[in-house]
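A.B. asks: One-letter residues, chain by chain:
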Amino acid sequence: MDITLFTPEESPFFQSTQQSNGQAAIDMHSNNQPQNSHTSTSRSSDSGVLPSASGKWASRLLKECAQAISEKDSSKIHQLLWMLNELASPYGDCDQKLASYFLQALFCKATESGQRCYKTLTSVAEKSHSFDSARKLILKFQEVSPWMTFGHVASNGAILEALEGETKLHIIDISNTLCTQWPTLLEALATRNDDTPHLKLTVVVTTSTVKSVMKEVGQRMEKFARLMGVPFEFNAIMGLNHLAELTKEVLGVQEDEAIVVNCIGALRRVEVEERGAVIQMFQSLRPRVVTIVEEEADLSSSRDDFVKCFEECLRFYTLYFEMLEESFVPTSNERLMLERDCSRSIVRVLACDDEKSSEEDCERRERGSQWSERLKEAFSRVGFSDDVVDDVKALLKRYKAGWALVLPQGDHDDSGIYLTWKEEPVLWASAWKP
Amino acid sequence: MMSEDGIPVPSTVGGFVQELNSNPNPNPNSIPLKRKRSLPGTPDPDAEVIALSPKSLMATNRFLCEICNKGFQRDQNLQLHRRGHNLPWKLKQRTNKEVRKKVYVCPEKSCVHHDPSRALGDLTGIKKHFSRKHGEKKWKCEKCSKKYAVQSDWKAHSKICGTREYKCDCGTLFSRKDSFITHRAFCDALAEENARFTSVSAVNQNFKHDLINGTISNTQLAGIPQLPSAFHPEFAGSESVSNLIADGQKPKLPLWLDNAAQLRQIGITNNSNAYLASLPELVPNASMSNMFGSTSQMQWLNKYPEASFTSADLTISSLPRVLKEEQENKGNLSESGVTLYPNNNQNQQTGPGHMSATALLQKAAQIGSTRSNPSFNGTAFGLMSTSHSHVSNSRNEVQKNFRQQNQAGNMNELLNSFPSSTLNTTVGDGSMLVNSNSSSFLQNTKNLEHWLMSNNGKHDQHVPAGKHHASSNEVERSLTRDFLGVGGDASRPFLQQELAKFASMGSAMDLSHYTSGHH
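Protein chains in written order, with the working numbering: chain A, 1 to 434; chain B, 435 to 953.
There's no promise every hint is true.
Unchecked claim - Which chain A residues face chain B? A few, computed with CB under 8 Å, are given here:
no.: 1; residue: ARG135
no.: 2; residue: THR184
no.: 3; residue: PHE224
no.: 4; residue: VAL250
no.: 5; residue: GLU373
no.: 6; residue: GLU377
no.: 7; residue: SER380
no.: 8; residue: SER385
no.: 9; residue: ASP387
no.: 10; residue: ASP391
no.: 11; residue: LEU396
no.: 12; residue: ARG398
What the hints assert, rightly or not - Some chain A residues close to chain B (C-beta under 8 Å, calculated; not the full set):
no.: 13; residue: LEU251
no.: 14; residue: ASP390
no.: 15; residue: ALA394
no.: 16; residue: PRO425
Hints are computed from structural coordinates only; laboratory data are not their basis.
Note that CB positions come from ideal geometry on N, CA and C, so glycine has one too.
Model the full assembly from the supplied sequences, consistent with the hints where possible.
C.D. replies: Encoded structure:
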């Protein structure tokens, strides 16, 4: 093995940054030992002079590289990129995976090729997605992790309570969940009491990969609603480039309907400057309740500071990847696909800053408190009732350990409820009324 | 008949009647004092109707001790207590006055049981009814958050909550209701059209009711068995199935074919089971089996209890065309089915009644075998299994090559060698580059290419032909793309510079071959 490459004294370049890189180099090796056999065998070091593992080599290297990029220190950039490339693998352990996907973004940032890379990734993804693969992926994910179902249960609970007694419901679903949220709602509507209301579901699709499968999804929903005995109507709005362009007419909103706006993971895709407009648009629809679910990360306030943004992005995705690793079986293909889906998002956030895209795919997340500030302009918060909270808790019990529900503290119940993974908040769910 | 001491002892039915002459209950009763339940819906016309207010109805301690005001639920308990006060206690004896039967009405005016003709005969019963229907639900199940007003209901539920398994038509088992529902909505075995066939008008079952209570009696199933025989002509008329039965040679359905052949080998004699058996693993199969009615389905389930999720997965993901065809077939069958069941309005959209059959089948399935025997998951996992040894080998190669630092070619060559050929490998292939004379940079960047092509990953059965540029690095199929994921067309000045930098990174790294400009 080429341990010689990493020993500081042999390389002139290392000398300038000997402290950090040399140390990092040594640490890298040590960390490769205990990990998955399929890659670590190749990295089994001959050197033997390594100090004990000190954990997250990927995060260290990546942050250094990000720092180097922001300082435009090209020699260091090269060095680190090269090192990361050596060690990264999308099939390895968490560190290796993170290294792999973030390396791609860093490289694109350094070479200013983010937009092109993103386009390529997107088109590749589009080609490979089909209804069956998407369905399988989503259902499996929901089975092993409450990442999606948390938001579904909380939102459905809020919706049912807000629309109690209504006979004509119109739910505007702005999400990419392939309508997996709605079967349980349909069942609840059917069984809740004897007079089942009429439900109209209008799905607004924002990602391109989902558009192609929506037709099939719609058919399934219609069938299922028939099965449940719920009068149902389905519409899908695709090809919309900007959410703010939605109007009552486009959505088919009728006067006698009780409107619900359900927004799962979609607000973050709106360009930061347009978010206020989108919220105004929601208000114009005069909904009874607006349910928002978003991932908890702040990638928008730091968007002018590359390193900060990078660190936050890395923090979030580290949690996410770790969660995926622990939730799925090691050989899971679904997990691999979810990880790959992240790569696009990461490239978009880190390497595509100044470029306006035709679609809304900005992916700049904000924290719950930040969204709350925006939403307060037009709405006031509706707390989740005890029943809904109990439902969420019961949901979390059905999954592996590590998940918890955190309720807002104190009187300034300004935010919603948080899903935490190993005590780190990862998702935020809230409900709003005009 | 009176005994000698004048105390009437009812000993016969006649005597009984004499004692309680207002009770039309015909049950002959050898235990004279025991009250029997009336038949439901047959209230005693002469019974005394008691209407308690909600407060007194729900009062738990109606019997009060006059001395200390302690409350008791039963008179007997109060009497026992009174003995403690040295008071004479009054044993409530059966008096020889006629004891009129008491019936109770619900105090809630809007309730059906408010009317004396729908009164309930049991005080405890009316209390529970009032709680359930009009009371506050104070008891909540921990697992599923379901609420109950009556504690005994809650207890009973808690015992069985989580132990019940839900079974989809496709054979998959679920312990959680919500994941079952979501799966069901997207399952290819969504048997809605088929439900029309099997919903017999005699079975008047509320689907919602079923779903909540999960009670289904076998009598309902009994109404269905005529279906299979009645069905055969219709079924045989449909294209694909008849082809299957005949020779299974239908070109569009290769897998079905195989299964049919396999199962014939197993020697399935029962004709109806043959239909079912010929499609054991296939998701659409379930829908067909539904048409044969639940009894057949139960048989089928017993025979082929492989309810493994993986087999369902395998079928779902690998037979998109087959499934589509199944959809069409279902369409065909539904039309032909109308003649059999003219009652079923195909356009019927609302109302729980006509959906009952699915519920029936569901329940039947639950009552039936719930074994899950994942005997077919070999192939499924085969698709997903990783063979990482290749990866590690290749990496070893990489390192070696890198070390040796041959003139593997210049950077130009490298970049040219990443045409847009798709990354064929996935984990399953293990076909990572095992390169003999590659440039190390190519090897090292294979991961970089991975990202770019990653989404094709495993589904990549279509490696585009002609994208395989010849290069010194040519290895099998898993060539990689250009470092940036595009076919190396743009000029990126930085890259050139960067390559130069790489070149100067140090002799130990021996990157001399990177010096040339790129394409």
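A.B. asks: If a hint holds in the structure, say so; if it doesn't, say that too.
C.D. replies: Hint by hint, here is what the structure shows:
1. Annotation: ARG135(A) was flagged as interfacial toward chain B, and the flag holds, the nearest CB pair being 5 Å apart, inside 8 Å.
2. Checking THR184(A) against chain B: minimum C-beta separation of about 5 Å stays under 8 Å; hint holds.
3. A hinted interface residue such as PHE224(A) counts as satisfied when its beta carbon comes closer than 8 Å to some beta carbon of chain B; here the least separation is about 4 Å, so the hint holds.
4. Annotation: VAL250(A) was flagged as interfacial toward chain B, and the flag is violated, the nearest CB pair being 26 Å apart, outside 8 Å.
5. Given hint, GLU373(A) at the interface with chain B, is violated; its Cβ is 32 Å from that chain's nearest Cβ, farther than 8 Å.
6. Interface hint status for GLU377(A): violated, as the beta-carbon distance to the closest one in chain B is roughly 34 Å, over 8 Å.
7. Look at SER380(A): its Cβ only gets to about 26 Å from chain B, farther than 8 Å, so that hint breaks.
8. The closest approach between the C-beta of SER385(A) and any C-beta of chain B is roughly 11 Å, which is over the 8 Å cut-off, so the hint fails.
9. The restraint placing ASP387(A) at the interface with chain B holds, with a minimum CB-CB distance near 7 Å, inside the 8 Å limit.
10. With a least beta-carbon distance of about 5 Å to chain B, the hint placing ASP391(A) at the interface is held under the 8 Å criterion.
11. About 12 Å separates the beta-carbon of LEU396(A) from the nearest beta-carbon of chain B, more than 8 Å, and the hint is not met.
12. With its C-beta approaching chain B no nearer than about 6 Å, ARG398(A) sits inside the 8 Å limit, and its interface hint holds.
13. Because the smallest distance between the Cβ of LEU251(A) and any Cβ of chain B comes to about 23 Å, over 8 Å, the interface hint for this residue is violated.
14. This hint holds: ASP390(A) has a C-beta 5 Å from the nearest C-beta of chain B, less than the 8 Å allowed.
15. Proximity of ALA394(A) to chain B holds as hinted, the smallest CB-CB distance being about 5 Å (cut-off 8 Å).
16. The beta carbon of PRO425(A) comes no nearer than 23 Å to any beta carbon in chain B, farther than 8 Å, and the hint placing it at the interface is violated.
The structure shown violates the earlier hints numbered 4, 5, 6, 7, 8, 11, 13 and 16.
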